[in-house]
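**Student:** One line per chain: the protein sequences are A and B, in this order.
Quick note on the numbering used here: the first sequence kicks off at 1 and runs consecutively.
Quick note on the numbering used here: the second sequence kicks off at 1001 and runs consecutively.
Worth double-checking, as some hints may not be accurate.
Covered stretches of chain B, going by a simulated chain A footprint (3 or more residues, C-beta under 8 Å) [unchecked claim]: (1) 1013–1021; (2) 1052–1060; (3) 1089–1098.
Just so you know, these hints were derived from the structure itself, not from any lab.
Glycine included, each C-beta is placed from N, C-alpha and C at the ideal position.
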Amino acid sequence: MRKFSTSDLDRRKAEIIKKSVGIDYNEYENAGVGFNYEGLMSNTGYSFDIVQAIQKTNMVGNTPLVELSNLTEYARKFSKKGYGARIFLKDEAANLSGSFKARRAAVSVKKAKDLGYKGVIAATSGNYGAAVAALAAKHGLKCIIVQECFDSNNLAQPEILEKARACEAYGAEVIQLSVGPELFYIFLQLLDETGYFNASLYSPYGIMGIETLGYEIAEDMKLNEDRLPDIVICTNAGGGNLTGTARGLRRAGADQTKVYGASVDLQGLHMASDDDFNRKSFTTGHTGFGLPFAINPDRSDVPRSAARPMRYMDRYFTVNQGSVFFITEALAILEGMERGPAGNTSLAVAFKLAQTMPKDQIIVVQETEYSGAGKHHQPQLSFAKKNGIELLFGNPLDEIPGKTIVFPKSANDIKIKEVPLDRIRKSYLKKYLNEDISDEDMVFFSEELNVPKDKVQALIEEVKHERT
Amino acid sequence: MLIKKGSYVRVRQHVLLPEDRLSYLPTSTSNVPLKSWTKGELLDEAELYEEAKIKTATNRIVSGEVKELEPKYKHDFGDYVEELHSIRSTILKEMWGDEDA
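Sequences and hints are given; from them, build the entire structure.
**Tutor:** Written out as C-alpha cells, the structure reads:
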C-alpha cells in the first residue's frame, strides 16, 4: 500500500478525468480565474428538445405536480388572516428509479452510450446511484457505483444500505467504502482500470437533465393555473438540483419566479469524520454539502462543475432534522404520500414560508424521492437512537447535530433560519484575494454570484477589511 | 467453513493503512484503515475469512478476505419510534380537531 496523494494516480488525474467524461475542459478556460460556463453548457451535443426526448423514452420526467391542499390548510392554521400560500409538490418519486436523479442519469448514460463507452461509474451514496444503475441497465451498459458507506465499526446508515440494494437490483457492482475522502482515488483507479464513463453529477449532462424539471413546473403552472409560481424551492446539496431547475424555469420564461435553496442544518458535524458519520440522520440535502459546494462549486469530480447554485439562488434557508421528520410524517398522514425523508427538506421550509405569503400566491416544492426499507424516517430515527442521539421535543433551533434531534411540539413550532447569501459570496471571493483580478474576472464573479460588479467590488473590500 | 467455487460472497480489502491516509483528516478517520467491500462469484473454493478472488457484476477480478456467504440485505423499517407516534397524533389533532384525532 502507498499514499494516494503521492501516487502515479494523483499525477494522472486530469488525464483520467478528461478521458472519462469526453470533455476537454481546457477549451472553456478564460485567461483569468473564470471559465465560459454557457459555452460548456451549450456544447454537449444535445439540444433541450433532445434531452426531453431522451427522458421520455426512459420513463423519466413529466412527473405530476400536485397541490398539497391539506398541508396548505394545515399551514394556514398558523398564518394571519389572508395568508398561507398554496403549496404544490412535484412528485419526482414517479421517475424511473424513484427520484429526480434519473433526469441527470438519463442524459449522462445516453452520452456514455453514444460515445461508445462500455460502462459507467458514479461515486454516490445517494439516489443518483440507483438512477445511474437503472439507466445503465436499460442501455445495456455495465455500471459501478462507489459508496461511502461504513464507519470503522462497520455500521451503515439504513438509507445508504437501501441504495446499495437498489443499485444491485439494477445489476450494478456496488463498492462500499469506509469513511474518508480517499474515495475519490478509488473512483479514479476504477475509471482508469475499466475505461468506463464518469457519470459525474457535475457534468453539463447532469445539469441539463434537470432543466426539464424547472421547465415542466412552469409549463404545468401556465396550463393549470394560468400563472407562474411565486417561489420554487429546492433541497440543496451539491447545487445541481437548484441550478438545473432555475435554468429550466428561465427557459420557460419564468424569470420572475424566485428560486430558493433549503438544506438540513448539520453545522458542527465534520463530513470526513469517522465518528460523526453515523451521528447525522440525513445523508444528503444538508449543509455539509450545501455550503461548501456553494462556496466552491469546483470541489467536485470534474475540473469545472456545471452545478453553480449561487448564479441562481435568491434566498437560502436551513431547517433542523426534527422539523424535516415532522413534515415527512405530515406528508404521509395528511396527503397520503409516503416520501423522503431527505427530499422533504424543502417542504419543511416551504410549510413555514407559505405562512408569510398571501393566500393567492404559490410556492412549489420541486422534488420528492421514493421511500422504502431503510429509506424512511422510522429506520433513520431508530438508527439515530441506537447511536446515542437523544430525541427531544422543544425548540428546533436548540437541536445540536450529532447529539440531539429536536422535534417541534406543534407544526407552529417549526423554525427555519436564513443563510445570508453575502456570507457565502464573501467566502467564495476569499479564495481569490491573492490573485490579480482583471475586468474579465469581475464579469465572471458578477455572473457567478448573481450581483452587479460594483457589489462584487464592495464584497471584496469587506473581505479584505475583515482579514486585517 | 469451505465455500464452493461459484458461490456469491462479499469480500473485504484494506485499501489504506492509517499511516497512508491523507494528512488533513480528523483523527477518528486517520487512525483507522480505509476498507472496501464488494460482492461477486468465487473463482475457486475458499475458506470463510481467508483471501480469495471473485468475479464482480462488471466481470472485474477482485481479491479480498471472504466476509460473508450469500450476503443478506438486513436493513428494514427499524424499531418502533414512540416520538413518531406522538408526532402523528399531534398532526391529526391540529389538523382535524380532537374528536377525529
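**Student:** Does each hint hold? Answer for all of them.
**Tutor:** Here is how each hint holds up against the structure:
Check result for the stretch 1013–1021 of chain B against chain A: holds, 6 residues qualifying (beta carbon to beta carbon below 8 Å, three or more required). Counting residues of the stretch 1052–1060 of chain B whose C-beta lies closer than 8 Å to any C-beta of chain A gives 5; at least three are required, and the coverage claim holds. Counting residues of the stretch 1089–1098 of chain B whose beta carbon lies closer than 8 Å to any beta carbon of chain A gives 5, which meets the minimum of three for the stated coverage.
Checked against the numbered hints listed earlier, the structure breaks none of them; every hint is satisfied.
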